[in-house]
Amino acid sequence: MRYKDLILRAPEPEDLELLYKWENDTSIWQLSNTLTPFSKFALRKYIENSKQSIFESGQLRLMIGGISSGITIGTVDLFDFDPLNLRAGIGILIAEPGSRKKGYASMAVEFMIDYCFNRLKLHQIYCNILSDNSDSIKLFTRLGFKQTGVKKEWIRSDNSFKDELLFQLISDSPH
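Quick note on the working numbering: the sequence shown kicks off at 1 and runs consecutively.
It is worth saying that the hints were derived from the structure and are not from the lab.
Check the hints yourself; a few may be wrong.
Derived BS3-like pairs: lysine-lysine, alpha-carbon spacing no greater than 30 Å straight-line [said to hold, decoys possible]:
no.: 1; residue 1: K45; residue 2: K121
no.: 2; residue 1: K162; residue 2: K4
no.: 3; residue 1: K146; residue 2: K101
no.: 4; residue 1: K152; residue 2: K162
For each label pair, taking beta carbons as the anchor points, the in silico distance ranges come out as [said to hold, decoys possible]:
no.: 5; residue 1: N24; residue 2: I71; range: 15 to 23 Å
no.: 6; residue 1: R142; residue 2: I71; range: 22 to 30 Å
no.: 7; residue 1: T141; residue 2: Q52; range: 31 to 39 Å
Don't be surprised by glycine CBs; every beta carbon is placed ideally from N, CA and C.
Based on the sequences and whatever the hints tell you, model everything.
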């Protein structure tokens with residue numbers, strides 16, 4: 001599907017090498033609470049199962065590509081989908097450094113906000129952001145998310161601990 005200057009699509013078998021590279025990049029494991037590498041076998045199975053609906057799997061991952069470049073630059077995810085309490089977590093990764101700070105993350109999150117509130121009829125979306133990740137804090141704040149909590153010394157980083165901030169966006173539409 002197209003959204004502004006983006007193509008958002010389900011993962012394809014051709015994405016295996018790219019996902020393998022990104023998921024095994026230890027520099028971003030801290031952002032996703034990853035502890036061990038992903039195998040190509042596990043990622044292949046994930047791609048095969050990505051045809052399941054969010055109601056079946058509890059998650060949705062879309063690959064982000066630029067319309068003009070045609071290059072896949074990252075992913076946007078819904079996770080911990082809770083149809084009873086009408087909420088889901090959201091995460092974004094613009095993996096290609098040359099594609100950062102160009103508005104792609106904003107467009108992808110805007111699309112997901114619309115999808116969550118108008119298609120899934122969710123009551124709220126939340127995200128967890130490390131306190132030193134100023135770019136993500138600015139992104140989600142600009143899109144209307146409010147900081148509602150702090151998990152003190154939540155994430156271990158080298159020889160110290162970092163706070164993780166909870167941000168929520170609550171729909172103003174009754175469900």
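Comparing the hints with the structure gives:
no. : hint                   : in the structure
1   : K45 x K121             : 29 Å, holds
2   : K162 x K4              : 35 Å, violated
3   : K146 x K101            : 21 Å, holds
4   : K152 x K162            : 7 Å, holds
5   : N24 x I71: 15 to 23 Å  : 20 Å, holds
6   : R142 x I71: 22 to 30 Å : 25 Å, holds
7   : T141 x Q52: 31 to 39 Å : 32 Å, holds
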